[in-house]
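Just so you know, the protein sequences line up as chains E and F, in that order. Numbering (the numbering used here) for the first sequence: 1 to 279. Numbering (the numbering used here) for the second sequence: 1 to 259.
Simulated from the structure, these hints should not be mistaken for laboratory data. A hint or two may mislead.
[Said to hold, decoys possible] Think about it this way: if two alpha-carbon atoms lie no more than 16 Å apart in a straight line, the pair counts; the simulated EDC-like pairs of lysine to aspartate or glutamate are: (1) E:K210 / F:D170; (2) F:K87 / E:D131; (3) E:K84 / E:E8.
[Stated by the list, open to error] Reference listing, derived: stretches of chain F covered by chain E, where coverage requires no fewer than 3 residues with Cβ under 8 Å from a Cβ of chain E: (4) 29-36; (5) 75-88.
[Unchecked claim] To give an idea of the chain F side of the interface with chain E (calculated C-beta under 7 Å), a few residues: (6) M99; (7) I187; (8) I188.
Here a beta-carbon is modelled for each residue, glycine too, at the ideal position from N, C-alpha and C.
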Amino acid sequence: MFEALQFEFMQNALMAGLLASLICGIMGTLVIVNRLVFLSGGVAHAAYGGIGLAFFFGWPYLFGTIGFSLIMALFMATVTLKAKHRSDTIIGVLWAVGMALGIILIDLTPGYHVDLMSYLFGSILTVPDSDIWLMLGVAVTIICVVTYFYNDYLALSYDEEFAQIRGIHVKGLYFVLIALLAVAVVMIIRVVGLILVIALLTIPPYIVEKYSKSLFKMMIFSCLLSAAFTMTGLWISFTLNLTSGATIILVAGAGFLLSLALERVMPKISKRANRMVEE
Amino acid sequence: MNQSIIKIRNLNFSYNRQPVLQDVDLEVATGDFMAMIGPNGGGKTTLLKLMLGLLSADRGQILIFGKSPKAVSHRIGYVPQDVHINKDFPVSVLDVVMMGKLRPGRGWTRHSKNDRASACHVLEKVEMADYDDRRIGELSIGQIQRVFVARALVTEPDLLFLDEPTASIDTKGQREFYTLLKELNEIITIIVVSHDLMVVSGYVKSVACVNQRLHHHGHAELTGEMIELMYQCTAEEVCPVELIAHGVPHRVLHPHEEE
């Protein structure tokens, strides 16, 4: 691992992985407690439509993708607020249509074709410096917004109605949350791919939720666990020469299974320990 | 003392074109302790949510402290019926209570020592002080209900709405709970939704029967005349008979008479 760090691409991969962990740890926590996993998946997949648009019309990549994803995300958010019971269907439709649109537009674009695989799994080993800076910018923005509105987000995530009665701008903050989520997802897709985004958004927060006493601790633990998964995955992929994105996801998946197993075993062990103490 | 704190005129509300509330008129005096009774789906919770500004009426007017509910909802303490929402949520009892100290646009600042102190104080009042550090999901439903009462009280409300606050509390706990409410009623106007009229009757000052329409028995002496009042209510086809049966002592002998 240490000799690997001499390579610039490996340093960048490490930085990108850590920044992605930071962003996913914070946003993932809010995604889990607000039950936005499906919406995040929808945004991430629909973003492909934005990539297609950007290529077809020759727009700058980020402009097309972030713009399109933001519109899709805010539309999904509106539907979620207006028609709660139908929102999953509509998110599913946008999810599929966005992707299909992206693929057709890229088919129609003459010349260079983006590889769907690199969109799905990203290419963490070829992250340029400029992307690292962009991710850093997104991370700082997210930290500022979430810190500033921490108490409000805590209240509206736990009990939306109560937050509204207290005079919190629940809808406004909800849209801000979804917009941040869309930007974060698009940024990270470019670096580590959309499958890894979903994995990092959901797996670490889900594992640590049971062991966290506050939303803040859940965010911190998620970031740390994400970072551990990313580092381990990168190291394994480097040593065994495997696809890095997929390796990171498998490491996270293994962590997930391990936590489920621990949850089963732990009560039994503590019970046995208690019995031994009593004897 | 007898000024109206709530004025509702000709209120109509429907959900998916099904009328839930029709032509509701209600005046609640400052200092009142009103019980709201009625069958499930009769519109009690809906009426509370309309008064909190969480729902908007189709027709009619609601004035609370002389203003629209949305403008003054922060002066109302609310204890919702469904307290086991988000049971796995990573939040401590104390932090839940401190949500009552939120103000719009407050941002940045952490909760002050004063906020913490008043949160601890109300937790003592509802006898949950020993649990302040626990995760909310570790508590029983009855305990969570107490925490939610504390969360409503810490807002220092002028008006307190409770939606079936004793549904999961045993009889002794209920009595203690209503004694606490009666004590609070010395400074706060209270509206409580309840199924168990018999428990409520010893404590409240007035009763509103809600079943699409509302009938308010203002300031009636409830204890002796209750059954009579209820029959009167039935005659007007406002109150549900089966629900009144809950409160009538002879139901103990014929628990299945409704079937």
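Comparing the hints with the structure gives:
Pair hint E:K210 plus F:D170 does not hold up; C-alpha atoms about 30 Å apart against a cutoff of 16 Å. Annotation: proposed proximity of F:K87 to E:D131 is violated, straight-line Cα distance about 39 Å (limit 16 Å). Proposed proximity of E:K84 and E:E8 is contradicted: the alpha carbons are some 47 Å apart, above 16 Å. Counting residues of the segment 29-36 of chain F whose beta carbon lies closer than 8 Å to any beta carbon of chain E gives 0, which falls short of the minimum of three for the stated coverage.
Note: the segment 75-88 of chain F has 6 residues with beta-carbon separation from chain E under 8 Å; the three-residue rule is met and the coverage holds. Here the hint on F:M99 is kept, as its CB sits about 5 Å from the closest CB of chain E, short of 7 Å. Violation of the interface hint for F:I187 is found here, the shortest Cβ-Cβ separation to chain E being roughly 20 Å, above the 7 Å cut-off. For F:I188, the shortest C-beta to C-beta distance to chain E is roughly 16 Å, which exceeds 7 Å, and the interface hint is violated.
Checked against the numbered hints given earlier, the structure breaks hints 1, 2, 3, 4, 7, 8 and satisfies all the rest.
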